[in-house]
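Participant: Sequence:
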Amino acid sequence: MVEPSEMLDDFVQRFKTLVDTLMAHPRVRITHLWIGPPATDDALTELAQDWGHPVPAALRTLYRRADGLQLRWVDIGNEYYDPARDDPMRFDGPWRYLPGERGVAAGLLDVPTIDQLRSRDTVGAACADDEHPEYLDRAVSIDHFGDQQDAVLFFGDGEDDPWICVAMDALADVDPPPGDQTLSQYLDRVLATWASIEHRTRDAPRCLDGILRERVELDPTRLVGQRVVYDGGQDGSRMHGLVLSLVNLENPPRHWWFGPTLAEVIDDLGETVYVPLRALFPPDGADDYEALYADPSALRALLRGPGEPIFASLASLETTSYRVGLVDGPMISTHAWPHVALTTKLSPREAVGALLAGSESSFQLRDAHTPRPIAWPRTRPLRLGRTTMAPDSLAVGLFDAAVLHIGRAAPRDLVGWLDPADTKRLRRLLQRFQARSRLRGYDPLDDLSTTPGFTSRALRGGPTALNTEHRSPQRGGKIGLADLRVVEV
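Heads up, the sequence shown is in our numbering, so the first residue is 2 and it goes up one at a time.
Treat the hints loosely; a few may be bogus.
Stated by the list, open to error - Pair by pair, the computed Cβ-Cβ distance ranges are:
{"id": "1", "residue 1": "Ser120", "residue 2": "Leu440", "range": "50 to 58 Å"}
{"id": "2", "residue 1": "Asn249", "residue 2": "Glu291", "range": "22 to 30 Å"}
{"id": "3", "residue 1": "Ala171", "residue 2": "Gly226", "range": "13 to 21 Å"}
{"id": "4", "residue 1": "Ala171", "residue 2": "Arg103", "range": "16 to 24 Å"}
Calculated directly from the structure, the hints in this document are not laboratory data.
Glycine residues also receive a C-beta, built at the ideal position from the N, C-alpha and C atoms.
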């Protein structure tokens, strides 16, 4: 085990070795690098006077090697990678706030200079509540490694190697010392994980490649007319579409973190949107979307068949399954949107019936509430931590997709519009939702913020129309393009 003093004595040299490793990797771009000169004894004395406590020995050792260090690197597999912006390396530090640089960093270390550290408020001084715990008055950020992510150092407790707390919520989650790591242990972890932002609180893979994104690069010269996948449905759900053209932003606005090239894409819901070129992915074989989209007969047979093949073919369309409300409408599972798009080649009435059948079959699977492994290749849009899906989550997504088709078609008489067998199936599904509710006195069929409540009312003659337009604060007209929705993943 490396002693704290030995580790920090050697830290700058190990940091330079880390930089060499990153620079040698073809999928890494270092965008910012700065190592400060050794701090003076006078500067350390002034810091101790400001704090009203001695500077911990380990921190003195670090600053006597370098008065601040900054490193920022990007993964060229990330959707936000822009060669023109991210390939040049800057050395003109120190920078005031490294996490605020345009684009998205995969790795970042931002140890302040002593002057910067002296000017920082303690966590306690920044608290709106005057009755905060005393230890927060001895806590200060020693590493801004993300927009709301900090390594907080505790001084004034007599420790030579001070305690560190990694805070992930804008300093709102600073736990009291002693913590689970000291300054030397924290910096050792930073080096061992290639300064990866994602791995500040968990172990990294054994090699740098395990951190980096894998992706199949698309050739822009052959992209028009090709099918693509991207995160751009309602609230970020996965969408498929066809590339119509490529356009370039002449003067990207300050808030634009992507590269300048966008694709004009018509998605399978029929909406034409702009998608950043780097946010496009080729379709893959982990699910059967592309084959089923091209063969409505096979799709119809699948959805009206048994549950196991449905799960095998469709569970990997989208792993997120949280619910987001429509304007003046019910909450919809994000898992629903890809299934709506998949079934657009069926007539609305036929799509509703098939999706209801698929939902019922999925609910009927054995242990439907138990998550099962699903395929989500690393070459797809990023989905952190999701490798499973429960059949009943898929069933809810299919049900909500049927509701969206109803809302888009807006039939005047839902019972008369549906096939009689599908009406019976819909009523059975509503009874299942009713039986699933565990809240005493709560009936989801009376709750219009739910899809069962919406469809229950529609079966009784209530309104069926829904506003399913995708919402986006960004429009092409704001950035010098045609006034289409701009997908920002």
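Participant: Confirm or reject each hint.
Facilitator: Results for each hint:
The hint said 50 to 58 Å for the Cβ distance between Ser120 and Leu440, and at roughly 52 Å that hint holds. The beta-carbon spacing between Asn249 and Glu291, approximately 28 Å, falls within the hinted interval of 22 to 30 Å. For Ala171 and Gly226, the Cβ-Cβ distance of about 45 Å falls outside the hinted range of 13 to 21 Å, so the restraint is violated. Between Ala171 and Arg103 the Cβ separation comes to about 21 Å, which falls inside the hinted range of 16 to 24 Å.
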